[in-house]
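2 protein chains.
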Amino acid sequence: MIGGVAGQTMKAEIIAIGSELLTPDHMDTNSLYLTQKLNEAGFEVGLKSVVGDNADDIENLLRAALRRSQLTVLCGGLGPTEDDLTRVATARALRRRLALHEEILEALRRRFAMRGHRMAKINERQAEVIEGAEILNNQVGTAPGMWIEEVGVFLVLLPGPPRELRAMFESQVLPRAIRLGSQRRLKQMSLGLHGLPESEVDTRIAPIYGRYPQIQTTILAGKGCVSVRLQRWVAPGEEPSDLEELAGKIHTELGDKVFTTTDERLEEVVGRLLREARRSLAVAESCTAGMVASTITRVAGSSDYFRGGVICYSNELKADLCRVPHELLGQHGAVSAEVAEALARGVRELAHSSIGLSVTGIAGPGGGSEQKPVGLVYIGLADEARCIHTRRIFPGDRETVRELATSLALGHLRRFLMPTEEAA
Amino acid sequence: MIGGVAGQTMKAEIIAIGSELLTPDHMDTNSLYLTQKLNEAGFEVGLKSVVGDNADDIENLLRAALRRSQLTVLCGGLGPTEDDLTRVATARALRRRLALHEEILEALRRRFAMRGHRMAKINERQAEVIEGAEILNNQVGTAPGMWIEEVGVFLVLLPGPPRELRAMFESQVLPRAIRLGSQRRLKQMSLGLHGLPESEVDTRIAPIYGRYPQIQTTILAGKGCVSVRLQRWVAPGEEPSDLEELAGKIHTELGDKVFTTTDERLEEVVGRLLREARRSLAVAESCTAGMVASTITRVAGSSDYFRGGVICYSNELKADLCRVPHELLGQHGAVSAEVAEALARGVRELAHSSIGLSVTGIAGPGGGSEQKPVGLVYIGLADEARCIHTRRIFPGDRETVRELATSLALGHLRRFLMPTEEAA
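So the protein lines, in turn, are chains A and B.
Under the numbering used here, the first residue of the first sequence carries the number 23, and numbering increases by one thereafter.
Under the numbering used here, the first residue of the second sequence carries the number 23, and numbering increases by one thereafter.
Just so you know, these hints were derived from the structure itself, not from any lab.
Careful, some of the hints might be misleading.
Some but not every residue of chain B turned toward chain A, in silico, with C-beta under 7 Å [what the hints assert, rightly or not]:
1. G101
2. M211
3. S316
4. G331
5. C334
Heads up, incomplete: computed chain B residues facing chain A, CB under 8 Å, no partners named [said to hold, decoys possible]:
6. D47
7. V72
8. A77
9. I230
10. R233
11. I237
12. T310
13. M313
14. V332
15. G390
16. S391
List time: in silico EDC-like cross-link candidates among lysine to aspartate or glutamate, alpha-carbon distance up to 20 Å [as the list claims (entries may be wrong)]:
17. A:K59 with B:D47
18. B:K143 with B:D106
19. B:K209 with A:D47
By construction, the Cβ of each residue, glycine as well, lies at the ideal position given by its N, Cα and C atoms.
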């Protein structure tokens, strides 16, 4: 019996089974869920595989897994069809027998009878259990799971559908994994940044995190924001201060580009700043057509500070609702600094809000010119005292330009709301 | 030399290397890209793995891969640090030597010099090449890739950063893979459905696709839509009609719930219907706060038929802009059939569009009551002749309710625009 060894790494491994998982559009979310939960239980995930419905491949993978990992989690392939090979392949890898489990068989029959069906013979497979396995009940679907000990290492068979897998893992596997797992815990911190490209973040902080080799530093970029994740395994009783120390040094280096050290999203930070200042917001969106508003309103309770606004996709709505003078539109065009500022002022008045925010730009692929290329975006911001704008040219396709424009709008709104400085 | 064998399946395998890939928030997109490209080249992907920076694990995985797959693609671990173990582990698995490649070394030195740096010793690792490998140039980054033949099977080493991996694969690996690959091609069709839950789709079509065991049928659910994907490998010269036949039968069974058989998205279908009928659209969004508008405007050229609209998050904007009478708001509340219809009529007049579409609902988590629970959503639709509404109660969290409401709005707009029938 292994497990509970303080300070020693316990390795887990995840094997997902099913040919449908090997298509170009299948996102594997089960393994991300399982990784998080296994980390919580003190297991480091050393390997993940996805394998098709091929009994030889499953058997070979499993043999290798049992040699190197203390806990192997198999997901999927427990259904009733001929493609569901997990039970058979596992029995072969362990050289154990499969036996029909009378109680499970009865439960399956009752389940079918309740719906007025007679159970087809093929469904009996789901009542086959590997010799010596503990049964894990499936509260959500039909296929039961199994927990198996094999010469000091452990193996768990879970159904593939995420709802069934999660319910079974949470209630029956996690408690067992915690008992087995090392008492090491994964300690994590992250910093959210806006307004710096990933490469610049890395160039500036690499010399800092390079001095903390015991901490795993990962830089993740997405839609205008960058997040820096720090993590390391901590032994029981150990109270290291190096994570906070490193996070503090990175924060000092990057200054007010850091919008959170507590996992807040940018729209949550903006919402908090609006709430704290008792200010309200309205938006006028052209090329983003509601993306800024829908991002701001992801936050529960945002109706306290968010009034709404105008999707001024047509020039008529820019003029009629946001009171942008026709001459301004004619002279500078809808995508211009002048119109961005006028939209911000106009929507602020229209909605009687403290702040007006506008976005106007050319998302493409059509509509660009030499003076105004695809990707050109203006953000306008107005309150009772100020009216400013920002100009940027973004690379990428239509959706990327719109996402980056949305992120830029939120980033500038944050700076506009920060008490210490003017927006850039 | 294998390859080019007509009608025989060629197996490929993908191994991604890097401990940072084994965290709970890492989405593996490289393997989806590679799967699509390998399928195009006539390879079936039989296995995918993600492994940490552990030379023994990489070596063992690679040995197993070479036994079962005709083409193995390794991604990542080619950088200059001590964690970058792909070269060393591959050399060990193949029992070949690693040698410093003078030309690559020179190119690396020049690259550093151009930026005014002297290359650190550690970077020399990136110039180490496995004996007998063909070099794949990296046009985007520093680490070169390698193409290796090993007793009739093939191995390719690619850098991990997606931009570098894609550029190298596209220009240097894909042509080689196509030459090797079987001339079998993956033939695919898909149907897009709206207005039926995944389980009902499966119950209704399982007896149909069950009669086509040679076709792999996958049902994917997401945000109110369901897609049914059909695929099968086709030998050279074979012109099977069974995919179209099965798609036709599924279409007949599900009727007008099918909105596409040509991979159009729901917003593209709606856009096409608007364009064909020369009609224009405006929206009034409360709980979705711009999600409907931003979805509709994902389509390039949508400004031809989409005017814009109002994000009427506050009741003031519902009344002031969309001309919803204050009495109606007082009597029925903002989330009601009456207000949904009034909003649709109001925004249509405001924007001078042919059609007005509205969404009002309670996204939660707060704001629900016994009569009006969280998840309650009304959609309103108005044109010159009709004004109708739909009511639905959605399960799930705030973001799920908003996404399902957006999808419902688009689905009902599609039915409203269909010439053959009234919207339900």
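Each hint, compared with the structure:
| no. | hint | verdict |
| --- | --- | --- |
| 1 | G101 | violated, 12 Å |
| 2 | M211 | violated, 14 Å |
| 3 | S316 | holds, 4 Å |
| 4 | G331 | holds, 5 Å |
| 5 | C334 | holds, 5 Å |
| 6 | D47 | holds, 7 Å |
| 7 | V72 | holds, 4 Å |
| 8 | A77 | violated, 13 Å |
| 9 | I230 | violated, 16 Å |
| 10 | R233 | violated, 14 Å |
| 11 | I237 | violated, 12 Å |
| 12 | T310 | holds, 7 Å |
| 13 | M313 | holds, 5 Å |
| 14 | V332 | holds, 6 Å |
| 15 | G390 | violated, 12 Å |
| 16 | S391 | violated, 16 Å |
| 17 | A:K59 with B:D47 | holds, 12 Å |
| 18 | B:K143 with B:D106 | holds, 15 Å |
| 19 | B:K209 with A:D47 | holds, 15 Å |
Against the hints set out earlier in the document, violations occur for numbers 1, 2, 8, 9, 10, 11, 15 and 16.
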